[in-house]
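Novice: Residue-level listing of the chains:
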Amino acid sequence: MATSWLAWFLEALSKFLNFITFGKMLREEIEDTDLTVNVKFSKDLIIPVKISSDMTVQQIKDQLASELSIPQQELRIIFAGKELMDQTILQDFDVGDQTILHAVKQKQAQTSISIPEVNAETTCPLSDSIVKLQLTDSDRKTLGSSIDIRRVHFFVFCNDPCKQVCPGKLRVRCATCLQGTLLLQEDPQCWEDVLSKGRLKGKCQNDSCTGSDAEFFFKCAAHTPNTDNAAPLEHVKNNFQEVPCIACQDISQIVLVFPCEASHVICLECFLAYCLSRLNERKFVQTDLFGYTLACPVNCADSFIKDAHHFRVLGYEQYQRYQRFATEDFILKAGGVFCPRPGCGAGILLDETLSKCNKVTCSRIEGQGCGFVFCRDCLQGAHIGPCQEEDVAERDLTLAMQREDTAGGTLFMVDEDRASRSRWDKSSRITIKGTTKPCPKCRTPTERSGGCMHMACGRCDLEWCWICQAEWTRSCQGSHWFG
Amino acid sequence: MANIAMQRIRREFKEVVRSDEQSIKLELQEDNVLSLTGYITGPEKTPYEGGRFHVQITIPETYPFNPPIVKFTTKLWHPNISSQTGVICLDILKDQWAAAMTLRIVLLSLQALLSAAEPDDPQDAVVANQYKTKHSLFQQTARFWAQTFAGAPGPLNPDFQKKIDKFLEVAPRADRHTAIQQLSNFDWNIDKAIEDVYKSD
Ligand SMILES: [Zn+2]
Ligand SMILES: [Zn+2]
Ligand SMILES: [Zn+2]
Ligand SMILES: [Zn+2]
Ligand SMILES: [Zn+2]
Ligand SMILES: [Zn+2]
Ligand SMILES: [Zn+2]
Ligand SMILES: [Zn+2]
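Residue numbers (full-length UniProt numbering), protein chains in the order written: chain U, 1 to 483; chain W, 1 to 201.
No wet-lab data here; the hints were simulated from the structure. Worth double-checking, as some hints may not be accurate.
Selected chain U positions facing chain W (in silico; Cβ < 8 Å) [to be verified]:
1) I246
2) Q249
3) E269
4) C270
5) A273
6) S277
7) P297
8) V298
9) N299
10) C452
No residue lacks a Cβ here, since even glycine has one placed at the ideal position from N, Cα and C.
Chain U with its partners taken away, still in its complex shape (with noise of 0.2 Å):
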């Protein structure tokens, strides 16, 4: 059975913890600062609880028991998906101070929750860095005080405050009534397990709900509180192995592991290197899978970066630019043109059905078009009957001019706020202000990844469209879901 299994598994974690030395040090450092964590038992009922370093889950029951008067045989409580046995230890199970437990009462006899049987040979348990870890080095950085980076599995985007690659957490909750109190019938294997919706099953020990889809999702571990969800980082991992960045050849910590086959390993500061050396060169690559992107720098195939949050790590300012370059080049792709009018140069994608007529209007549309009416082909005013001679000299130096400006890195003859509010229209006259919209509840800015319609908003949880910029509606889902 699943869960004798899992008590074993936690009984074992506890006494390893207990054994290896730097259990110990762990332990011994938080000591002196004991945690709160709240255990949440229904939607308006959350208790603190002070946990010194030696608690049990068995004397949480206990003191929730007396509060709540429910008998502590009763009491369940369930992190991250999994139910905790009485004799864990909470402070060896990655809990954090502020973090949230939560408590439910005994649904129905445990026999009848429908837990299939896991083969642990299969079975790639969440916790399976503890058995991997590496306890030889002592120079290790470690990034928060109370994190071992050494047993981080997981990396986000940390937007706010970090603003860098930081240790993230995992986190489950029930999909229908988003809170913790779901039970998982297995454990993620991969990645694909993690970010969609809904592909693993579970049960909701919430009273009032009967969901059974899971829904993950990540927080950034280097802080609490962190009420922002980060953006995973699925090809920044631990470097386990050791393995040697395939640029400076030097063994850090954390790496970025391209997908291809021979799985390149790449240090983050030569990752941030390469992306800035392509940037510069614009030599990034639009794909129709994962956007514009990079891949492997030994030229292997199939080795796509596959989120373009992995380019946050340019920083704020070139990660606008790279934001802006996949626009304009997407635009390029399907043979729009800029905006010729200096001050202006919106992206304008041209209609195809209109194709025989060289008149394109830079039209105002939501006050971002400049209203210039020019020919396509000199990029001069509109004129009727065949281009002047030197306006075809003149539009080759336009041209060559907003090449040269958007390659060099400093000029810019596309205007940033323009360009990041291109304008593309195929017959539906959509506007897209680049990859990121406000968030039309919080005005959290959001951004776009892949060709998915559907928004969820990182702060208030609204789920919106993009294209109606209001809330999602079954008929977004009827009429343009994706495209």
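On the provided structure of chain U, position chain W with the ligands as indicated by the hints.
Specialist: What follows is chain W with the ligands alone, placed relative to chain U:
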């Protein structure tokens, strides 16, 4: 960015020094890590045998994500190397470069290029043409160049020597380098070589 390049070059430099390979060598130019000189010994059983060829290596700031800029500073008669400028046509120095490659691999690849030319992807069309149509003359010319410019051993081809002297008599303003270049370009046909010099005057 440049410090990744520098750090990497320092390592690679040590790698080449430590490897103790006889046929390749690497030297720093005036303590500037981003500018180096490489040496390659001409491979056996080639016209380049026994010669010592210098290459100038410039490391871009974006190394190793972009290839080093490498050219021969020793004059060389080879289809994939410009006989005038020393510029090299080698795919790993262009689009086939990969961040995992090193200067050691570059030098060994250049050595391999001296053993096995690729006349169908030439840098120097004149040399490539001679390589394909008058192979024995190509080999004698390449040998003569290696002896003259790279210190390869053995007696110089007396026929070539005579033609050079005659060329210099007729065109006294030209130097020995120019004479060798011109004569080689015209398959050692002295009349055509001289005619061309006057044409370009
Ligand atoms: Zn863990
Ligand atoms: Zn953070
Ligand atoms: Zn639920
Ligand atoms: Zn590195
Ligand atoms: Zn690779
Ligand atoms: Zn305009
Ligand atoms: Zn025109
Ligand atoms: Zn919609």
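Novice: All hints, please: hold or fail.
Specialist: So, going through the hints one by one against the coordinates:
Interface restraint check: U:I246 against chain W, minimum CB-CB distance 5 Å, threshold 8 Å, status holds. A distance limit of 8 Å between C-beta atoms decides the matter here; for U:Q249 the minimum to chain W is near 6 Å, and the interface restraint holds. Interface hint at U:E269: satisfied, since its Cβ lies 7 Å from the closest Cβ of chain W, which is below the 8 Å cut-off. For U:C270, the shortest C-beta to C-beta distance to chain W is roughly 6 Å, which falls under 8 Å, so the interface hint holds.
Annotation: U:A273 was flagged as interfacial toward chain W, and the flag holds, the nearest CB pair being 5 Å apart, inside 8 Å. Interface restraint check: U:S277 against chain W, minimum CB-CB distance 4 Å, threshold 8 Å, status holds. The restraint placing U:P297 at the interface with chain W holds, with a minimum CB-CB distance near 4 Å, inside the 8 Å limit. Because the smallest distance between the Cβ of U:V298 and any Cβ of chain W comes to about 4 Å, under 8 Å, the interface hint for this residue holds.
Below 8 Å, beta-carbon pairs count as interface contacts, and U:N299 has one with chain W at about 5 Å; its hint therefore holds. The beta carbon of U:C452 is not positioned within 8 Å of any beta carbon in chain W (closest approach about 32 Å), and the interface hint is therefore violated.
Hint 10 alone, counting from the list given before, is not met by this structure.
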